[in-house]
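**Student:** This is what each chain is made of:
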Amino acid sequence: MAELTMVEAINLALAEEMRRDERVVILGEDVGVDGGIFRVTKDLIEEFGEERVIDTPLAESGIMGVSVGMAMRGLRPVPEMQFSGFSYLGFHQIESHLSRMRWRTQGGRQVPVVVRMPYGAGVRALEHHSESREVFYTHMPGIKLVVPSGPRAARTLLVAAIRDPDPVVFFEPKALYRAFREEVSDEEDEPITIGKAMIRRDGTDLTLVAYGAMLPRAMEAAKTLADGGIEAEVIDLLTLSPLDHEAIAASVRRTGRCVVVHEAPLSYGPGAEIAARVMEGAFLKLQAPVMRVTGPDVNVPYFAREQLYLPDAERIADACRATMNY
Amino acid sequence: MAELTMVEAINLALAEEMRRDERVVILGEDVGVDGGIFRVTKDLIEEFGEERVIDTPLAESGIMGVSVGMAMRGLRPVPEMQFSGFSYLGFHQIESHLSRMRWRTQGGRQVPVVVRMPYGAGVRALEHHSESREVFYTHMPGIKLVVPSGPRAARTLLVAAIRDPDPVVFFEPKALYRAFREEVSDEEDEPITIGKAMIRRDGTDLTLVAYGAMLPRAMEAAKTLADGGIEAEVIDLLTLSPLDHEAIAASVRRTGRCVVVHEAPLSYGPGAEIAARVMEGAFLKLQAPVMRVTGPDVNVPYFAREQLYLPDAERIADACRATMNY
Amino acid sequence: MPREPLQFESRVERLSILDEDGKADEELVPEIPDDLLVRGYRTMVKARRFDQRRLKLQRSGRIGTFAPVNGQEAAQVGTISALDETDWFVPSYRETAAHFWRGTDPKDILLYDAGYNEGGALAEDSRTLPLAVPVGTQMLHAVGIVHAARLLGEEEIAMTYFGDGATSQGDFHEAMNFASVFDCPVVFVCQNNQYAISVPRSRQTRSETLAQKAIAYGVTGIQVDGNDIFACHVAAREAVDRARNESRPTLIECVTYRLEMHTTADDPSRYRDEEEVAKWRQRDPIERFGKWLMARGLVDDKGIERMEEEITDEIQAAWKATEARIETLKDVGPMFDHVFAELTPELARQRARMQDGHSPGGWKDG
Amino acid sequence: MPREPLQFESRVERLSILDEDGKADEELVPEIPDDLLVRGYRTMVKARRFDQRRLKLQRSGRIGTFAPVNGQEAAQVGTISALDETDWFVPSYRETAAHFWRGTDPKDILLYDAGYNEGGALAEDSRTLPLAVPVGTQMLHAVGIVHAARLLGEEEIAMTYFGDGATSQGDFHEAMNFASVFDCPVVFVCQNNQYAISVPRSRQTRSETLAQKAIAYGVTGIQVDGNDIFACHVAAREAVDRARNESRPTLIECVTYRLEMHTTADDPSRYRDEEEVAKWRQRDPIERFGKWLMARGLVDDKGIERMEEEITDEIQAAWKATEARIETLKDVGPMFDHVFAELTPELARQRARMQDGHSPGGWKDG
Ligand SMILES: Cc1ncc(C[n+]2csc(CCOP(=O)(O)OP(=O)(O)O)c2C)c(N)n1
Ligand SMILES: Cc1ncc(C[n+]2csc(CCOP(=O)(O)OP(=O)(O)O)c2C)c(N)n1
Ligand SMILES: [Mg+2]
Ligand SMILES: [Mg+2]
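Residue numbers (this note's numbering), protein chains in the order written: chain A, 1 to 326; chain B, 327 to 652; chain C, 653 to 1018; chain D, 1019 to 1384.
Read the hints as simulated data drawn from the structure, not as lab findings.
Hints may be right or wrong, so weigh each one.
[Claimed, not checked] Some but not every residue of chain C turned toward chain A, in silico, with C-beta under 8 Å: (1) N769; (2) G772; (3) L792; (4) A794; (5) G796; (6) L804; (7) N829; (8) T916; (9) M946; (10) W1015.
[Said to hold, decoys possible] Once the Cα atoms are required to be at most 30 Å apart in a straight line, the calculated DSBU-like pairs of lysine-lysine come out as: (11) A:K285 to B:K611; (12) D:K1348 to D:K1125; (13) D:K1348 to A:K223; (14) D:K1338 to D:K1041; (15) A:K42 to D:K1297; (16) B:K549 to B:K611; (17) C:K708 to C:K972; (18) B:K368 to C:K708; (19) D:K1309 to D:K1320; (20) D:K1309 to D:K1074; (21) A:K196 to A:K223; (22) C:K982 to B:K549; (23) C:K931 to C:K943; (24) D:K1320 to D:K1125; (25) D:K1041 to D:K1348; (26) B:K368 to C:K972; (27) D:K1125 to D:K1297; (28) B:K522 to B:K611; (29) D:K1074 to A:K42; (30) D:K1309 to D:K1297; (31) C:K982 to C:K708.
Quick reminder that beta carbons are idealized off the backbone N, C-alpha and C, glycines included.
Please model the entire structure based on the sequences and the hints provided.
**Tutor:** Structure, rendered in structure tokens:
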């Protein structure tokens, strides 16, 4: 198969699933005729028609609420929130209905909705276009949240999400949309399932946990560290909720040290849960406190300073060295 | 001064601040003529008139957005979300505007809004009326979040919140609204300031961290533990954001052990941040991993089972004993 | 012409058929089989008696808070009875009478009222949605359901209920707009019962009527006397026909009144006076329909007495069954059911810990 | 009468004064001093030239994405010019022309476009609000502002801007409703430029006009030719008078067209054809106003040439100044400014760590 960008890989997964399953429909702002402002839904309206690739009015709550209804009637809607920073206009539909409908009806209604939303900084965008607030969704019972770290993972995670009987929030690291290409093979070759983390690099000295757009930066840091004789094991979370904490803890029990990377703000961020789980699962082996390499507790600054905001390989490596020297 | 319930103490703080400062106004659903469905704003419309105690149409986003506007024009609005579970309909106004307006305008606009909302389980209410999702607000840069644990704290924290130049989310533990009375003295006597935790009970064996409706349960657990010879130091957070992590860490550096209690779900809950901070600030003194006593990762069940959901003194004491025996 | 009136459809009608004394404009009375008329009446009475019983159960602590339907029975039964069984009923939280028409079991309602999630269980093939507590948010689901049905090649319509207060919510606006843009066969039934808890209709919005809000979406609106079961039914039938034949939505404003408290937690004397309530009691929807049925010879005193007895027994039996069921529901485990289709390993771990008397958190040694 | 039309205010007018050829219905042309007329024209031209310059800066990577105003200059200048300086301007993100009328410095806009928060700085006494990016959310702020002003004893009105797409958002609905219920003097200016990114007006909503949405709130609505500066101005003046004298809101729909891309990230050829654009170019708001001014002798070719030169210089100077300013803004520190009135200890700690090249997290030994 071809070398694809993440945008192309997501587009491919959507097309394949729509071919496979008539119940899969796409809806959102500019997803149809325009093909999505990032071109993620490019050409889908041509193949599947405007009944299944639906340009909606500009109303996020409407998109989410209608998706909940569609799912209850047997479809598998894949709504797009144009940016995760605008998903808050539909937040109550996600919190109050999407996450709970199965539970509220004791299994009588299913809501297999996959809410796609680009998140994260790094593309020189306007305010609200660079958010990373995955915790809003990981702290919501009844919601699964996944974050691919490259084209291949995006393809297989999205397929898994669409086939999942429950609602999944699909965070797309927009900084990686066109950052690199990967050979995208048949999904059978990729054992990614929701709820499982993957070791992307073996190492013995320290466990480095990352996901999404921070994964390549963590890998880069690991390479730098290796030059200095520190072998970091890099774990790609892929799913944030439910968290594969056992995989992380198992690694830390071997390495004794852990650094977590994310672009979300530090306080009450995803790294807190990971740190807490590592402490719970590897306490006696821990040689140093878990270090969190994150955004600061501020909004992502306008784009001239967004790279200063974002963790980079240098800051990650710095944190790893501090952890080694604890 | 009199012995007041928390409802009365909040009502008193509102009345006093409205007398002191003409810019303080209240708005929300049923806050005026009705005096609030919990009677928190009782009689205020009589004293301050319907210009300052405003019954609004039924629209949470409207209430929040109008509050942001009012604040920018120099008022100090104290909007009420009837339940925290309905604040999500106004979530984007809080996230996209309230939390950022000062920052966005580089100090040109101030938005000293105090968003009051009852939270938490324990009053046999309907779905969405028992939520505890403080993390949605503690993970939001630009927002402060406080939670009183009794009438006295409610009074002084609310006064501090209203006088604060920045937006504060004021979580009211509705289970404590009428649970007990306290002597409410002049605010001068109460040194509670936003951002400071308080030690509610001294102890040497273990640090027990709680807030809101869980504080009385933590105190009860501490009493039980004392009977068994374990002296727990109980810290009442009062402010969750910004978190007084240094006060917690200082205590844990003395006790070597820590248990955190909250009614929010476990995963990505407030306890994660506290645990991570404790690890960071007291690593070498920690004798056991921080234990979190929380709600499970489900929505609060309908009220027949809400007490099963909620941490109680027994489960807290159990966790403390496990921590002591680690 | 530089200054001219804009052309758009702005006609909205008001309909009333059965007056307060039980006299109808017979020309406008819809054709309804006698047994259905009586069934409608019985449903209204049952809903009211059910509330009365629930109020006692609530006051004695046996169940929690609920929202009485008292006064709105015609608005509900008049409209829902225009729907087919294969159509969708998308309620808010006050539609007990409509629920009874649709066949919802009082036992389920009571179990829900008693605080058990099991009371909310829905059969997979039922076309009733669960109670929606966040005001104004459920109408979008009705839109999504019928839009999906059409994509699946089915002709189903949905009727969704909400109050006057709900029209202020952004979701009402988005639902009306989506329904119109996508040509969705949804009947929006607004029960304007004059209050949103304590806030009167006049402070909720400044439009002269709620029905005229339809104009904002290019949708047909109509206002009816909501205590007049015939007017409600005729408007609903027209809306259902429009939905089926033209696949277009309709907004129906039923002007009615909540005779009781908002919920059992509410004390209406704080915001309205007895005089106003008394005035509306004169317009009671059950009484006027009963008079009309009597005059027609479709019910008589003895029949009503028997009906009342049956209803009392039925409700009593439902409560007994509910009490028995509750005895079987004490475990902590069900809290974890149906969060996902399959319990995740983490949830299984948390459940096990809680069943052992621990907190769900806790660690595993390394 | 059992079935009758409901009575409510449903009249909505359409107004146009200056036609595509620059011919006006002189009876309807508002009285405006000559210098203001020319100032209006200059503002329109400046906004368009500014966009053209910005497009070049964007294409060469010097600034980021922005939303061109091209085509909507009359809708903006015509309306904003009805406002007093002490009134409030509550924009969305495309109101460059209105900003220029209000005195916003091009340097600030450019600094913002270049990705610096400092470009968003507002003076405490300015009555302009910052750009609002989340579509449809800013109108509520206008309502809050004027409501607060009244409570403080001040008579201030607000004019808030938004697009056709924004009318679909729940917040539009809530803002209109609040404004009406609270008698707020807000002028809602909808720039119906026919598209919300790629979605055409016809798929945004089914109402024949956007102006008629006012009826849902008991508010006065009016539709104007949005490329006709006089019609825009007259409607805005009437709305401002209504606001000041009756403290009532107005909804103005300016029917206009976005001649350029949505933002620089957009390629409009994907969703509309050149023919349509060409048709609208005929209706260019600047050209027709220019013709009228020429015919009146208020501008001439030489004057326009000089004006264009001045504008070019002004924009060039602004960019130079911006470039110079940018050189001074490289530190990580300002990221922490203005999050709160006072930096919290934790933020101070994070800033110090980042200034030292570390991540903001990290620990302190026990
Ligand atoms: C989003 C939301 N906000 C607030 C509430 C609290 N609440 C419950 S019912 C109600 C009033 C609803 O009024 P209306 O829509 O007229 O319906 P009614 O209760 O009169 O039938 C309010 C404010 C809620 N349930 N949901
Ligand atoms: C809440 C929200 N959703 C989506 C977007 C992305 N977006 C930016 S502008 C726009 C279209 C707006 O259309 P309209 O209201 O007609 O204004 P226009 O851009 O045409 O001036 C969209 C979808 C956004 N900024 N905010
Ligand atoms: Mg009502
Ligand atoms: Mg537009």
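**Student:** Does each hint fit the structure? Answer for all of them.
**Tutor:** The hints, checked one at a time:
1. The interface hint given for N769 of chain C holds, since its Cβ lies 6 Å from the closest Cβ of chain A, which is under the 8 Å cut-off.
2. Hint status for G772 of chain C relative to chain A: holds, with the closest Cβ pair at about 5 Å, below 8 Å.
3. Checking L792 of chain C against chain A by beta carbon gives a least distance of about 3 Å; that is within 8 Å, so the hint holds.
4. For A794 of chain C, the suggested interface contact is upheld, since its CB lies about 6 Å from the closest CB of chain A, less than 8 Å.
5. Here the hint on G796 of chain C is kept, as its CB sits about 2 Å from the closest CB of chain A, short of 8 Å.
6. Given the 8 Å rule on beta carbons, the hint for L804 of chain C holds: about 6 Å separates it from the nearest Cβ of chain A.
7. Here the hint on N829 of chain C is kept, as its CB sits about 6 Å from the closest CB of chain A, short of 8 Å.
8. Among the interface hints, the one on T916 of chain C is violated; its C-beta lies about 21 Å from the nearest C-beta in chain A, farther than the 8 Å criterion.
9. Given hint, M946 of chain C at the interface with chain A, is violated; its Cβ is 40 Å from that chain's nearest Cβ, farther than 8 Å.
10. Below 8 Å, beta-carbon pairs count as interface contacts, and W1015 of chain C has one with chain A at about 4 Å; its hint therefore holds.
11. Only pairs whose Cα atoms come within 30 Å are accepted, and K285 of chain A paired with K611 of chain B is accepted, the gap being roughly 15 Å.
12. Using a Cα cut-off of 30 Å, the hinted pair K1348 of chain D and K1125 of chain D holds, with the two alpha carbons roughly 18 Å apart.
13. Taking the CA atoms of K1348 of chain D and K223 of chain A, the gap is about 28 Å. The hint holds against a cut of 30 Å.
14. At roughly 40 Å between alpha-carbon atoms, K1338 of chain D and K1041 of chain D are farther apart than 30 Å, so this suggested pair is violated.
15. With a CA separation close to 28 Å, the supplied pair K42 of chain A and K1297 of chain D stays within the 30 Å bound.
16. Distance check on the hinted pair: K549 of chain B and K611 of chain B sit about 25 Å apart at the alpha-carbon level, within 30 Å; holds.
17. At roughly 14 Å between alpha-carbon atoms, K708 of chain C and K972 of chain C fall within 30 Å of each other, so this suggested pair holds.
18. Between K368 of chain B and K708 of chain C the CA atoms are separated by roughly 27 Å; this keeps the pair inside 30 Å, and the hint holds.
19. About 14 Å separates the Cα atoms of K1309 of chain D and K1320 of chain D, which keeps this hinted pair within 30 Å; it holds.
20. Note on K1309 of chain D and K1074 of chain D: the hinted pairing holds, with a Cα-Cα distance of about 28 Å set against a maximum of 30 Å.
21. For a cut-off of 30 Å, the pair hint linking K196 of chain A to K223 of chain A stands: about 24 Å separates their Cα positions.
22. For the hint linking K982 of chain C to K549 of chain B, the alpha-carbon distance of about 28 Å falls within 30 Å, and the restraint holds.
23. Taking the CA atoms of K931 of chain C and K943 of chain C, the gap is about 18 Å. The hint holds against a cut of 30 Å.
24. Note on K1320 of chain D and K1125 of chain D: the hinted pairing holds, with a Cα-Cα distance of about 28 Å set against a maximum of 30 Å.
25. Between the alpha carbons of K1041 of chain D and K1348 of chain D the distance comes to roughly 53 Å, so the proposed pair goes past 30 Å and is violated.
26. For the suggested pair K368 of chain B and K972 of chain C, the alpha carbons sit about 40 Å apart, so the restraint of at most 30 Å is broken.
27. Straight-line distance between C-alpha atoms of K1125 of chain D and K1297 of chain D comes to about 34 Å, which puts the hinted pair past the 30 Å bound.
28. A hinted pair counts as satisfied when its Cα atoms are at most 30 Å apart, and K522 of chain B with K611 of chain B qualifies at roughly 23 Å.
29. Taken as a hint, the K1074 of chain D and K42 of chain A pair is honoured in the structure, with Cα atoms around 27 Å apart against an allowance of 30 Å.
30. At roughly 18 Å between alpha-carbon atoms, K1309 of chain D and K1297 of chain D fall within 30 Å of each other, so this suggested pair holds.
31. Distance hint between K982 of chain C and K708 of chain C is fulfilled; the C-alpha atoms sit about 24 Å from each other, no more than 30 Å.
The structure fails to meet hints 8, 9, 14, 25, 26 and 27 from the earlier list, while all remaining hints are met.
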